[in-house]
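Peer 1: The primary structure of each chain is shown beneath.
There are 2 protein chains.
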Amino acid sequence: MDRRRFVTASALGTAALGAAATMLAKPAVAQSMPEVKWRMPSSFPKSLTTLFGGAEYLAARVAALTDGKFKITPFAAGEIVPPLQVLDAVQNGTVEMGQTAPYYYVGKDPTFAFGTTVPFGFNARQQQAWMLHGGGLDLMNELFKEYNIIGRFSGNTGTQMGGWFRKEIKTAEDIKGLKFRIAGLAGTVIARMGGVPQQIGGGDLYPALEKGTIDAAEWVGPFDDEKLGLNKVAKYYYYPGWWEGNAMLWSLINLDKYKELPPAYQAALDAACAETNTWMQAKYDAENPAALRRLVANGAELRVFSNEIMQAAYKATFEVFEELAGKNPKFKKVYESWKAFREDEFLWFRVAENPYENFVYRQSAAEARAKQ
Amino acid sequence: MDRRRFVTASALGTAALGAAATMLAKPAVAQSMPEVKWRMPSSFPKSLTTLFGGAEYLAARVAALTDGKFKITPFAAGEIVPPLQVLDAVQNGTVEMGQTAPYYYVGKDPTFAFGTTVPFGFNARQQQAWMLHGGGLDLMNELFKEYNIIGRFSGNTGTQMGGWFRKEIKTAEDIKGLKFRIAGLAGTVIARMGGVPQQIGGGDLYPALEKGTIDAAEWVGPFDDEKLGLNKVAKYYYYPGWWEGNAMLWSLINLDKYKELPPAYQAALDAACAETNTWMQAKYDAENPAALRRLVANGAELRVFSNEIMQAAYKATFEVFEELAGKNPKFKKVYESWKAFREDEFLWFRVAENPYENFVYRQSAAEARAKQ
Numbered sequence: 001m002d003r004r005r006f007v008t009a010s011a012l013g014t015a016a017l018g019a020a021a022t023m024l025a026k027p028a029v030a031q032s033m034p035e036v037k038w039r040m041p042s043s044f045p046k047s048l049t050t051l052f053g054g055a056e057y058l059a060a061r062v063a064a065l066t067d068g069k070f071k072i073t074p075f076a077a078g079e080i081v082p083p084l085q086v087l088d089a090v091q092n093g094t095v096e097m098g099q100t101a102p103y104y105y106v107g108k109d110p111t112f113a114f115g116t117t118v119p120f121g122f123n124a125r126q127q128q129a130w131m132l133h134g135g136g137l138d139l140m141n142e143l144f145k146e147y148n149i150i151g152r153f154s155g156n157t158g159t160q161m162g163g164w165f166r167k168e169i170k171t172a173e174d175i176k177g178l179k180f181r182i183a184g185l186a187g188t189v190i191a192r193m194g195g196v197p198q199q200i201g202g203g204d205l206y207p208a209l210e211k212g213t214i215d216a217a218e219w220v221g222p223f224d225d226e227k228l229g230l231n232k233v234a235k236y237y238y239y240p241g242w243w244e245g246n247a248m249l250w251s252l253i254n255l256d257k258y259k260e261l262p263p264a265y266q267a268a269l270d271a272a273c274a275e276t277n278t279w280m281q282a283k284y285d286a287e288n289p290a291a292l293r294r295l296v297a298n299g300a301e302l303r304v305f306s307n308e309i310m311q312a313a314y315k316a317t318f319e320v321f322e323e324l325a326g327k328n329p330k331f332k333k334v335y336e337s338w339k340a341f342r343e344d345e346f347l348w349f350r351v352a353e354n355p356y357e358n359f360v361y362r363q364s365a366a367e368a369r370a371k372q
Numbered sequence: 001m002d003r004r005r006f007v008t009a010s011a012l013g014t015a016a017l018g019a020a021a022t023m024l025a026k027p028a029v030a031q032s033m034p035e036v037k038w039r040m041p042s043s044f045p046k047s048l049t050t051l052f053g054g055a056e057y058l059a060a061r062v063a064a065l066t067d068g069k070f071k072i073t074p075f076a077a078g079e080i081v082p083p084l085q086v087l088d089a090v091q092n093g094t095v096e097m098g099q100t101a102p103y104y105y106v107g108k109d110p111t112f113a114f115g116t117t118v119p120f121g122f123n124a125r126q127q128q129a130w131m132l133h134g135g136g137l138d139l140m141n142e143l144f145k146e147y148n149i150i151g152r153f154s155g156n157t158g159t160q161m162g163g164w165f166r167k168e169i170k171t172a173e174d175i176k177g178l179k180f181r182i183a184g185l186a187g188t189v190i191a192r193m194g195g196v197p198q199q200i201g202g203g204d205l206y207p208a209l210e211k212g213t214i215d216a217a218e219w220v221g222p223f224d225d226e227k228l229g230l231n232k233v234a235k236y237y238y239y240p241g242w243w244e245g246n247a248m249l250w251s252l253i254n255l256d257k258y259k260e261l262p263p264a265y266q267a268a269l270d271a272a273c274a275e276t277n278t279w280m281q282a283k284y285d286a287e288n289p290a291a292l293r294r295l296v297a298n299g300a301e302l303r304v305f306s307n308e309i310m311q312a313a314y315k316a317t318f319e320v321f322e323e324l325a326g327k328n329p330k331f332k333k334v335y336e337s338w339k340a341f342r343e344d345e346f347l348w349f350r351v352a353e354n355p356y357e358n359f360v361y362r363q364s365a366a367e368a369r370a371k372q
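Going down the list, the sequences are from chains A and B.
Its first residue numbered 1, the first sequence is counted upward by one per residue in the numbering used here.
Its first residue numbered 1, the second sequence is counted upward by one per residue in the numbering used here.
Simulated from the structure, these hints should not be mistaken for laboratory data.
Keep in mind that the hints are not guaranteed to be accurate.
Intra- or inter-copy, both count: the list cannot distinguish identical chains.
Below, computed lysine-lysine pairings styled on DSS-like, alpha-carbon distance capped at 30 Å [claimed, not checked]:
1) K170 / K330
2) K176 / K37
3) K339 / K371
4) K37 / K371
5) K232 / K332
6) K211 / K327
7) K315 / K227
8) K108 / K339
9) K37 / K71
10) K37 / K315
11) K371 / K46
12) K211 / K371
13) K176 / K71
14) K259 / K176
15) K167 / K327
16) K145 / K315
17) K257 / K315
18) K170 / K257
19) K315 / K46
20) K227 / K327
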């Protein structure tokens, strides 16, 4: 951390920044656009070109927005920070920022889960709407602030798949004793259903599943799961991932470091996060269909979770939520905002989006059948 | 257009730009961050705080990203340019950029419709994915280039409502002779079904419907429709808007003016468009539910389009597409890309997103009923 510190522009205001710059007697251009170098460890391996690719895209966009003056270097999972300790490294100031999923930190506080996703929650658009216009982002940043962090969402996967299972799972009874790699609060739900949840970073899933250390693993969806090779060590590919109607990725930024940035660099970072958010979701949506076709062609067997399992999971989920809300006031505050917004979103999406999509997907399925 | 012209940085590259700047013998800061003032007329009235609000948000973000040096002033529909002539004004260089929906210009070329939406097309996420990772944006910019324009998408409404009807519409027969305000290629589909399509700017819908000049009008969805007061002049509120599974708004930028911008300002404009895109969709999603509740409480009667009407419209739509593709090579090229991408997206969304959403919406509807 030997780089030059500069004035806290957001605190001083632009006029004051000008005065401070004059006092420091540097050329004006150096003051308004200082050279800044940051390190950004990711929770994800390089092979995942959509998740880690998002970190690279974000860095490139910040550079473009600042004429190359604000340079962020992404590091893959484990290169400088272990995959599930990115939040800690940002909090400590070991690094200025990181790319991760807040729900990896439910061990510190289950409230973190709302930043990424919770079971039977929002789709990607609803999550965004809650964040930007429903108070979600401010609520999450209240929590992050306790860790000296400011968060910006910067990616999404959309609804995920239910993961890879070595055996078929037909009833809620089949969950009992199942050693299942699953992230976030969903682990607590799986435990309530009698399963044995495991939290493991993406790069370590293949060997765990291969050795039989775990019976099943969920990761993201076709494009990423194929890259991790999960289809080679488990045959049954379940859907939908009822615990991840969306999964939002975040840039977590050390709050002191963020405040030190000139306002235009803060804006560049914020804007690059927004661009990356759209870029990543679009890339998943564009890459998943062909990956799904390849997986099925190579022997993956698609299975839908039975209604019995879905109903049991739904019941267990809201029991867990209510219990957590009863003993954790932070969880309660965010949960109540989330729940009210969810009721509104689901009402509205039942009117316009869902009937539209049901119609076009039915037509499209009928056309696909007619072609065969 | 009396402001200072500066070197075309994207063509020269950064090193060459430095050399050119030295030759011009101006202080370095003026070269890297020149003062730029642009005008941005919108196709939308000020009252529509989500659409026109998007133009204001975009201008604010560009200012934040450039330390206030790049100033864009939005103008509401009709203030300096008529609502449906924004593209022309940008093409002519009367203004540097504008906010509009490309499908307003299907009279020039029906291919423009793909920029916004076409009947039975993508939802908002699928449209984004096609644009960014499916070749859609490049295809649209090939078309815009013929008009000396470069386009950036910068907003979406999501799936729209089917609009306001003075009488109930139960069968395909009821479309015949219907004077219906409807935008884009959907007008051609309505004409094929025997209706009489009208293209009218948002601000003029209320009087047209009130006087009975038209029998029905579609605009966007609850939040905007309520602001235009359409519920006061027509009672039946139909869904879903099968001609607008999404509707993408655009920033159209005069290509010469865009090329004149320093690279960091081009990046700022691009990034602000991406931020606005998410901001607008999120605002619609957050505002629509309460607006829908108010409209229904004030007497609007929700009606779903019958399957007979949906099927007839679907058939008419693809007949229109095939005919246009047969006689317009530009349309054919974009249509084929769109169609292949649509088949992929619909396949994938049928696996993960749609079963997930159907489950949570069913649960949510059952809970709402149980409360009553």
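Peer 1: Between K167 and K327, at a C-alpha cutoff of 30 Å, which is it: within one copy, between copies, both, or neither?
Peer 2: The answer is neither: 37 Å in one copy and 54 Å across copies each exceed 30 Å.
Peer 1: I want to check one pair: K257 and K315. Are their C-alpha atoms no more than 30 Å apart within a copy, between two copies, both, or neither?
Peer 2: Result: close neither inside a copy nor across copies, 43 Å intra and 58 Å inter.
Peer 1: How do K176 and K37 come out at 30 Å by Cα distance, when the copy is not named: within, between, both, or neither?
Peer 2: For K176 and K37, neither the intra-copy (49 Å) nor the inter-copy (65 Å) Cα distance is at most 30 Å.
Peer 1: One pair to classify: K37 and K371, alpha carbons no more than 30 Å apart. Within, between, both, or neither?
Peer 2: neither (55 Å within a copy, 55 Å between copies)
Peer 1: At most 30 Å between alpha carbons: which applies to K227 and K327, within, between, both or neither?
Peer 2: The answer is neither: 40 Å in one copy and 43 Å across copies each exceed 30 Å.
Peer 1: At 30 Å max between alpha carbons, let me know whether K37 reaches K315 within a copy, between copies, both or neither.
Peer 2: The answer is neither: 48 Å in one copy and 57 Å across copies each exceed 30 Å.
Peer 1: State whether the alpha carbon distance between K371 and K46 is at most 30 Å within one copy, between copies, both, or neither.
Peer 2: Cα proximity of K371 and K46: none, with 39 Å in one copy and 49 Å across.
Peer 1: Could you place K259 and K176 in one of the four classes (within, between, both, neither) given a Cα distance threshold of 30 Å?
Peer 2: Result: close neither inside a copy nor across copies, 48 Å intra and 62 Å inter.
Peer 1: Checking K170 and K330: alpha-carbon separation at most 30 Å within a copy, between copies, both or neither?
Peer 2: neither (36 Å within a copy, 50 Å between copies)
Peer 1: At most 30 Å between alpha carbons: which applies to K108 and K339, within, between, both or neither?
Peer 2: within (22 Å within a copy, 47 Å between copies)
Peer 1: How would you classify K315 and K46 at a CA-CA limit of 30 Å: within, between, both, or neither?
Peer 2: neither (38 Å within a copy, 46 Å between copies)
Peer 1: When Cα atoms must be at most 30 Å apart, do K232 and K332 count as within-copy, between-copy, both, or neither?
Peer 2: Answer is neither; intra-copy 41 Å and inter-copy 41 Å both fail.
Hint compliance for this structure: hints 1, 2, 4, 5, 6, 7, 10, 11, 12, 13, 14, 15, 16, 17, 18, 19, 20 are broken, all remaining hints hold.
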